[in-house]
Amino acid sequence: MARSLIGRLTSLFSILVTFALASMGAYAYYALDTQLRSRDVEIIEAKLTQVSHLVRDAGSLEQTEKFEHSLFDLVRGYDGLALRLRTPQGRLVYRTADGLRSDFDLAATGSGIHDDGTWIMGKRIVEASDGVPFATVSVAKNGNDRRQVVIRLGNSIVVGILVGAVLTALLGALITRRELRPAQALIQQVHRINVERLSYRVDAPSTPTEVHEIGVAFNAMLERLESGYERLYRFSADLAHDLRTPLNNLIGHTEVALSREREVADYVTLLEDNLAEYQRLSRMIDSMLFLARADAATVELDRVPIELGTELSKLASYFAVLGEDKGVKIEVSASGSVSADLTMFRRAVGNLLSNAVRHADNGSVVSLNCQRDEDSVTVHVLNQGVPIPDKDRERVFDRFYRGDQARSHSDQSTGLGLAIVRSIMELHAGTASVATFPGSVTRFSLRFPFVD
Numbered sequence: 001m002a003r004s005l006i007g008r009l010t011s012l013f014s015i016l017v018t019f020a021l022a023s024m025g026a027y028a029y030y031a032l033d034t035q036l037r038s039r040d041v042e043i044i045e046a047k048l049t050q051v052s053h054l055v056r057d058a059g060s061l062e063q064t065e066k067f068e069h070s071l072f073d074l075v076r077g078y079d080g081l082a083l084r085l086r087t088p089q090g091r092l093v094y095r096t097a098d099g100l101r102s103d104f105d106l107a108a109t110g111s112g113i114h115d116d117g118t119w120i121m122g123k124r125i126v127e128a129s130d131g132v133p134f135a136t137v138s139v140a141k142n143g144n145d146r147r148q149v150v151i152r153l154g155n156s157i158v159v160g161i162l163v164g165a166v167l168t169a170l171l172g173a174l175i176t177r178r179e180l181r182p183a184q185a186l187i188q189q190v191h192r193i194n195v196e197r198l199s200y201r202v203d204a205p206s207t208p209t210e211v212h213e214i215g216v217a218f219n220a221m222l223e224r225l226e227s228g229y230e231r232l233y234r235f236s237a238d239l240a241h242d243l244r245t246p247l248n249n250l251i252g253h254t255e256v257a258l259s260r261e262r263e264v265a266d267y268v269t270l271l272e273d274n275l276a277e278y279q280r281l282s283r284m285i286d287s288m289l290f291l292a293r294a295d296a297a298t299v300e301l302d303r304v305p306i307e308l309g310t311e312l313s314k315l316a317s318y319f320a321v322l323g324e325d326k327g328v329k330i331e332v333s334a335s336g337s338v339s340a341d342l343t344m345f346r347r348a349v350g351n352l353l354s355n356a357v358r359h360a361d362n363g364s365v366v367s368l369n370c371q372r373d374e375d376s377v378t379v380h381v382l383n384q385g386v387p388i389p390d391k392d393r394e395r396v397f398d399r400f401y402r403g404d405q406a407r408s409h410s411d412q413s414t415g416l417g418l419a420i421v422r423s424i425m426e427l428h429a430g431t432a433s434v435a436t437f438p439g440s441v442t443r444f445s446l447r448f449p450f451v452d
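Residue numbers (UniProt numbering): 1 to 452.
Keep in mind that the hints are not guaranteed to be accurate.
Now the in silico label distances, taken between C-beta atoms and shown as ranges [what the hints assert, rightly or not]: (1) 15 x 375: 47 to 55 Å; (2) 376 x 178: 33 to 41 Å; (3) 213 x 329: 53 to 61 Å; (4) 15 x 293: 47 to 55 Å.
Everything labelled a hint here was simulated from the structure, so no lab data went into it.
Since this is a predicted model, take the numbers as computed values, not measurements.
Even glycine gets a Cβ: it sits at the ideal position worked out from N, Cα and C.
Start from the sequences, fold in the hints, and give me the full structure.
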């Protein structure tokens, strides 16, 4: 099932923002907790120092009433701060009336700062001038106030994350929907396209880059589809035309033969004429099947090294018979070799030679030669005759294409010869091209790239 892009983008955006808010909230939570704890530790260390100086100045714990007010002043104003004075033997001499835990006792803890999760406690031993310990100062601070502040901050962070996630989802959906409007408009334009409107192109000049690129790619696809549909339409029309001619001939010959009683020789002539039409239909069907297989890439190539001089000379000898009545000669000037399917090579060059002889002027010469480049070998077939008009040059390799009537011999050709040549060259990853030169010279070229 297709998933909504708006929903996916909104979900991803919300997850990312929620994760970012949670990360920042967690950082703020632990940073504040650490900062408040550090502040409590600083307070305890400061009070330990102050009380130690006060006790050391007194020199004895026997008369604490003399500096009791000073001790009280040191802890006044600090919530949850507790103070204890003990002798080295552990006897309690002074304690603040803080109202905190009555069982609070730091006697068992070592010197320094300690944290049991509820209290942050510090203890320091005060020594006399002769180095003999005579007092133990203990200061502790309850962490309830610190925890309350941190808990309130944590609650605020959670609420902020939830509110932020909801707002992000709503705003993300609105923004995503707004930004995808060009895509929706593009979809609506695409829905208008059908077989009768293949010439229609989507309009996306002011859309975002990504949607614009989709529109450009879609228009390019439409151009290919339109071109392919037009070729298919022309192919179907030409096929119907070319099939109708031999079929009409067969029907006409048969109707004439059946119109009255005839001699056996007349029926033999009829069957011979019909056989010629059947053979023409068979060649046309074979050519169409080959083109269909080539288009479907189901034709396998059997590449072998081909000696161009030897093979082209054989083809020239075979087609020389076609030119005898017109006095057309075939000259070959070729050397080297090429890797190709031998049967297809003969068919491609043979089709070009057949056309060249058929369209050559009486008494002219058809030339076969080769040109070797760094990465390919090109076979050229040249003749002198009726030139191909510029408007037809780009379409001579199309199926069933009929150009200048002076060059058209529909009764002798299926109209698929050059289309087969192009398909053979495409199977070899090569190209087929045509060019004209002054003096009514036409040159067809087959370029075979080298194969590793």
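Against the structure, the hints:
1. Under the hint 47 to 55 Å, the C-beta atoms of residue 15 and residue 375, about 53 Å apart, fit the expected range.
2. Between residue 376 and residue 178 the C-beta distance comes to about 54 Å, which lies outside the given range of 33 to 41 Å.
3. Under the hint 53 to 61 Å, the C-beta atoms of residue 213 and residue 329, about 57 Å apart, fit the expected range.
4. The hinted range of 47 to 55 Å is satisfied by residue 15 and residue 293, whose Cβ atoms lie roughly 53 Å apart.
Comparing the model with each earlier hint shows a violation of hint 2 alone; every other hint is respected.
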